[in-house]
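A.B. asks: If you want the building blocks of each chain, they are given just below.
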Amino acid sequence: MNHLRLLDALIFIIALIIIALSFIAFGELGGRPEVHVRSAGKEWVYDLSVDAFATFEGPVGKTTVQIKDNKVRVVDSDCKNKVCIAAGWVSRPGQWIICLPNDVFVLIEGSSVEEDVDDTSY
Amino acid sequence: MTHRTKMNVEFVALLAAFALFLSTVEYMIPKPIPFMRIGLANLPLIIGLGVLTYREYFLLALLKVIGQGLISGTLFSYIGLFSLGGTLASSTVMLLLFIVFKEKISLLGISIAGATASNVVQIELARLVLFGSAARFIAPPFLIAGLITSILLGLFANRFVTTSTWYKKHKESSL
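Protein chains in written order, with this note's numbering: chain X, 1 to 122; chain V, 1 to 175.
In isolation and in its complexed conformation, chain X is listed as follows:
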């Protein structure tokens, strides 16, 4: 009773394994990054790691979204300002592109693969 036994060590190891598992679960923040596209009241979900090309119908015409090399951009849009095209490529979860005139919203959701500094100060 008073001495430490083999089973104590075993239980200690099991507890460590459970902690390790909790860290693994901690790391999986929603799995792989997904590209969510909201348009005309509907939502489409794409895998960021799978290259794709998709066109969405909006009030002013068509908006074409491209996914390539874990990045996403608006290739072409029938809107006037082309702000969405000017936004270029986005790749990190939380980043988004929106085409307001054509009601197309592109958002990346999921965990960031690599941690980046939010801002840099000099």
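Derived from the structure by calculation, the hints contain no laboratory data.
Just so you know, even glycine gets a beta-carbon here, dropped at the ideal spot from N, CA and C.
Hints may contain errors.
Under 10 Å between C-beta atoms, here's a sample of chain X residues computed to sit facing chain V [said to hold, decoys possible]:
(1) Leu7
(2) Ile14
(3) Ala15
(4) Ser22
(5) Ala25
(6) Trp96
(7) Ile98
Derived, one-sided and incomplete: chain V residues facing chain X with beta-carbon distance under 8 Å [stated by the list, open to error]:
(8) Met28
(9) Pro32
(10) Lys104
(11) Ile105
(12) Leu108
(13) Thr116
(14) Val120
(15) Ala145
Fit chain V to the supplied structure of chain X, relying on the hints for placement.
C.D. replies: Relative to chain X, chain V alone:
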């Protein structure tokens, strides 16, 4: 575990009072999450293993939950539910280990197993009731804190049951 037909109410009450006191001490220590506990109040449950019957043991566990709920004012809240779930899990695990392995395990291993069982159940309850899948954010700090405090409590309990004459007296009279 000891076997006796008549319940030793006074001894259960004494250990429950001890748990109540330790809950008060623990309540003073600031914690980031309200149902995160150091587990000081588990000490009577660990020490009680050798001197209580299983009925007395679960009565003590229940009294500990009520005492802790009264002290922290969380008896009728979801925190009370977490406390109940965690304590029932840890006391069941500790009791089973004690009965099954007897001399092959010390109170250190029992303490670690109890704390881990309690924390796993509480995190699971937090996932179901409160945080959803975000509960995994609290899991690592919970489990690590539980491991550290349970090792300290287990070492203390080991030392206590070998050196305390008070404990020895009760163990002899409970046989």
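A.B. asks: Compare the structure with each hint and give your call.
C.D. replies: Hints, one by one, checked against the model:
Below 10 Å, beta-carbon pairs count as interface contacts, and X/Leu7 has one with chain V at about 4 Å; its hint therefore holds. Nearest Cβ of chain V to the Cβ of X/Ile14: about 7 Å, under the 10 Å cut. The hint holds. The interface hint given for X/Ala15 holds, since its Cβ lies 5 Å from the closest Cβ of chain V, which is under the 10 Å cut-off. Look at X/Ser22: its Cβ gets to within about 4 Å of chain V, closer than 10 Å, so that hint holds up.
At about 5 Å, the closest approach between the beta carbon of X/Ala25 and any beta carbon in chain V falls short of 10 Å, and the interface hint on this residue holds. For the restraint placing X/Trp96 at the interface with chain V, the shortest Cβ-Cβ distance is roughly 22 Å, beyond the 10 Å limit, so the hint is violated. Of the supplied interface hints, the one on X/Ile98 is violated, with its beta-carbon coming no nearer than about 26 Å to a beta-carbon of chain V, more than 10 Å. At a threshold of 8 Å, the smallest CB-CB gap from V/Met28 to chain X is about 27 Å, leaving the interface hint violated.
Given the 8 Å rule on beta carbons, the hint for V/Pro32 is violated: about 16 Å separates it from the nearest Cβ of chain X. Among the interface hints, the one on V/Lys104 holds; its C-beta lies about 5 Å from the nearest C-beta in chain X, closer than the 8 Å criterion. Using the Cβ-Cβ criterion of 8 Å, the hint placing V/Ile105 at the interface with chain X is satisfied: the shortest such distance is roughly 4 Å. For V/Leu108, the interface hint holds, since its Cβ comes within 8 Å of a Cβ in chain X; the closest pair sits about 5 Å apart.
For V/Thr116, the interface hint holds, since its Cβ comes within 8 Å of a Cβ in chain X; the closest pair sits about 5 Å apart. Restraint check, V/Val120 versus chain X: the minimum CB separation of about 7 Å is within 8 Å; hint holds. Checking V/Ala145 against chain X: minimum C-beta separation of about 10 Å lies over 8 Å; hint violated.
Of the numbered hints stated above, those contradicted by the structure are hints 6, 7, 8, 9, 15, listed in ascending order.
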